[in-house]
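Sequences listed follow chains A and B, in order.
Numbering-wise (the numbering used here), the first sequence opens with residue 3 and increments by one.
Numbering-wise (the numbering used here), the second sequence opens with residue 544 and increments by one.
Honestly, the hints are just simulated from the structure, not real lab data.
Among these hints, one or two may not hold up.
What the hints assert, rightly or not - Taking beta-carbon pairs under 8 Å as the criterion, some of the chain B residues facing chain A (in silico):
#1 Met577
#2 Pro579
#3 Gln585
#4 Leu586
#5 Thr589
#6 Ser652
#7 Thr657
#8 Ala666
#9 Arg669
#10 Val681
#11 Asn717
#12 Asn719
#13 Pro721
As the list claims (entries may be wrong) - Simulated crosslink set (EDC-like; lysine to aspartate or glutamate; CA at most 20 Å straight-line):
#14 A:Lys131 <-> A:Asp163
#15 B:Lys591 <-> A:Asp163
#16 B:Lys591 <-> A:Asp85
#17 A:Lys131 <-> A:Asp85
#18 A:Lys130 <-> A:Asp85
#19 A:Lys131 <-> A:Asp91
Stated by the list, open to error - Some chain B residues well away from chain A (every beta-carbon gap over 10 Å; in silico):
#20 Ala582
#21 Ile612
#22 Gly624
#23 Val763
#24 Leu787
Think of the CB as a built atom: it goes at the ideal place given N, C-alpha and C, for glycine as much as any other residue.
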Amino acid sequence: MTDHLVLDGVTRRFGSHTALDDVSFTLAAGSICGLLGRNGAGKTTLLSLIAGQDLPSAGTIHVNGHSPFEHAPTLAGINLVRDNQRYPDDFTVGNVLSIAPRFLPHWDADFAKRLVAGFRVPLNQSVKKFSRGQLSAVAIVLGLASRAPLTLMDEPYLGLDVNARRYFHEALVRDVAEHPRTVILSTHHVEESESLFDRVLIVDSGRILLNADIDEIPEIAFTVSGRDDAIRELTAGLDVLRLHTVPGLASATIRGSADDAFLVRAEAVGARIQGVSVADLVTAFGSESAAEAVAA
Amino acid sequence: MTVLGTPAQTRTPEASDVTSNFNSSSSSTKGPAMNPVLAVTQLHLTRKRMTFGVPVLYVGVVAVLSILISLIAWRAGSQPGSTGWIVSSRSNPGLVWALGGFLGYMGVSSTATTFRFAITLGATRRAFTLGTLLWNLVIASYLAVVLTVLAALELATNHWFVGFYIFDIAILGNGNLPATFAIVLLGVLAMLTVAGVFGAAWIRFSNRGPILLGIGIGLVIVVAVLILVPQAAQIVAAFEPWWLAIAAGVAIIAASLGSWRLLRRAIIR
């Protein structure tokens, strides 16, 4: 696969605040990548830089070999609609649909109309008067119908009801299958979206904590749960990403995979071992202990 | 929920499919995207009522108010066609205040509310600045034609058959139609671009941007006045109207460059 997105040592500072800190990764063309992390982790800043809507304080970003910032041919192939996207005064969805093809060379007008109908978005009402869910629907219409080779979606689910979220999933899967492109999707709805991803990036405090193929997830960590004292003894000296306790019981997410010796010890103390989901990993990496582990 | 169509035959996207799409338009698109500068102009023109309707509405309101004021003056004893009537009617600055205020708002809002969406659609900052300048030129040309035609009608009807001076006024060139066209074209373009740079300053530096820009421009004007005031009498004596055209041209170019410089590093939030 071709790496058409390459970030090398990207740092973005806003005054004294470092939103992204020395971020480097590559992404192959055709990937659907989940960009995951807590609020304020740096996800939107990262998307903004990739979309050429901002410049890094240090480092380089290349999309198909070009820096996207102010490079019109590259920008024509990228689409990022923000979660707080603003529209010109009195703009309607009809206006959005009429102007989008002037800018977006891959725009599919028929698909856009089907999506608008599917999300039941009013065509002639001012976007300013839309609910949070309707605004998200407009952003999804723009993102999907743009058919941009690099489609970036920033929290597309905000305010969407369960039917609309399911509709979005179906539309995304079908359309990407028919019209291959790279998608980076930032979301907090990790469990719902997990099945979409072939790759996940977990960001926290401006740093990439995990960049992995979805198939690699079971090898990255596992969870062991049981009696509090037994779990603490069992996990002593291991790389504990997260330890969750309730009176008498504990559950620990451990980096790496459980070897035979560990399995025997766990069985002896009645502890249960499970694989981790992407959501578990996001929680584990976002917890205080993980932050400390990374810092260490 | 509507059905999206028959389920696609799922296949793994090929990297070459994606990268080759990067510099070509999809076959499902009705046509290639237009020139980015023209696309930005088209984006502004999407707001047709704002572009073509509201400015003319302001002209109409000023015209009606001017007629009402003329009627009051007439009832008060002033005679249409008299020297005093003509001089006072032609000194009416209402059009500048009414239209100028609206154009200021229009210039600020066109940049402040459209920039983010244009960038989302993939416009470069340079294309946005040039496309907005072109849209400003469209409005200026449109208003120049409208006001020149109205002034021509006023002259052709001997001031609306009763001696009302609505468009044959000093600020529009005292009935000199080429001058009317040039004054409106350059005046409107200058107002929109200068207002636009304030919108750009707001995008770049938030609330403090327009304040600092206003203070800066004010300081430049005060310093210029301080330097030139000893020669004020000679300057007034030597004044030529084309000086204003040059000043408008300088303001338009400076404001456009300023907008581009401010927007070039503006952060989209």
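Verification of the supplied hints:
1. Met577: Holds. Min distance 5 Å.
2. Pro579: Where the cut-off is 8 Å and the nearest Cβ of chain A is about 6 Å from B:Pro579, the hint holds.
3. Gln585: Because about 5 Å separates B:Gln585 from the closest Cβ in chain A, which is inside the 8 Å limit, the hint holds.
4. Leu586: For B:Leu586, the interface hint holds, since the closest Cβ of chain A sits about 5 Å away, which is under 8 Å.
5. Thr589: holds (5 Å)
6. Ser652: This hint holds: B:Ser652 lies near chain A, its Cβ roughly 6 Å from the closest one there, short of 8 Å.
7. Thr657: The hint holds - B:Thr657 has a Cβ within 8 Å of chain A, the shortest such distance being about 5 Å.
8. Ala666: holds (6 Å)
9. Arg669: holds (7 Å)
10. Val681: violated (16 Å)
11. Asn717: At 37 Å from the nearest chain A Cβ, B:Asn717 fails the 8 Å test, so the hint is violated.
12. Asn719: The hint is violated - B:Asn719 has no Cβ within 8 Å of chain A, the shortest such distance being about 37 Å.
13. Pro721: violated (35 Å)
14. A:Lys131 <-> A:Asp163: Holds, at roughly 18 Å.
15. B:Lys591 <-> A:Asp163: violated (34 Å)
16. B:Lys591 <-> A:Asp85: violated (27 Å)
17. A:Lys131 <-> A:Asp85: With Cα atoms ~16 Å apart, A:Lys131 and A:Asp85 stay inside 20 Å; holds.
18. A:Lys130 <-> A:Asp85: Holds, because 14 Å separates the two Cα atoms, which is no more than 20 Å.
19. A:Lys131 <-> A:Asp91: holds (11 Å)
20. Ala582: Violated, since 4 Å does not exceed 10 Å.
21. Ile612: Check passes; 32 Å lies beyond 10 Å.
22. Gly624: Non-interface label on B:Gly624 holds, nearest chain A Cβ at 45 Å vs cutoff 10 Å.
23. Val763: holds (29 Å)
24. Leu787: Holds, because the least Cβ-Cβ distance between B:Leu787 and chain A comes to about 32 Å, which exceeds 10 Å.
In this structure, the earlier hints numbered 10, 11, 12, 13, 15, 16 and 20 are contradicted, and the remaining ones agree with it.
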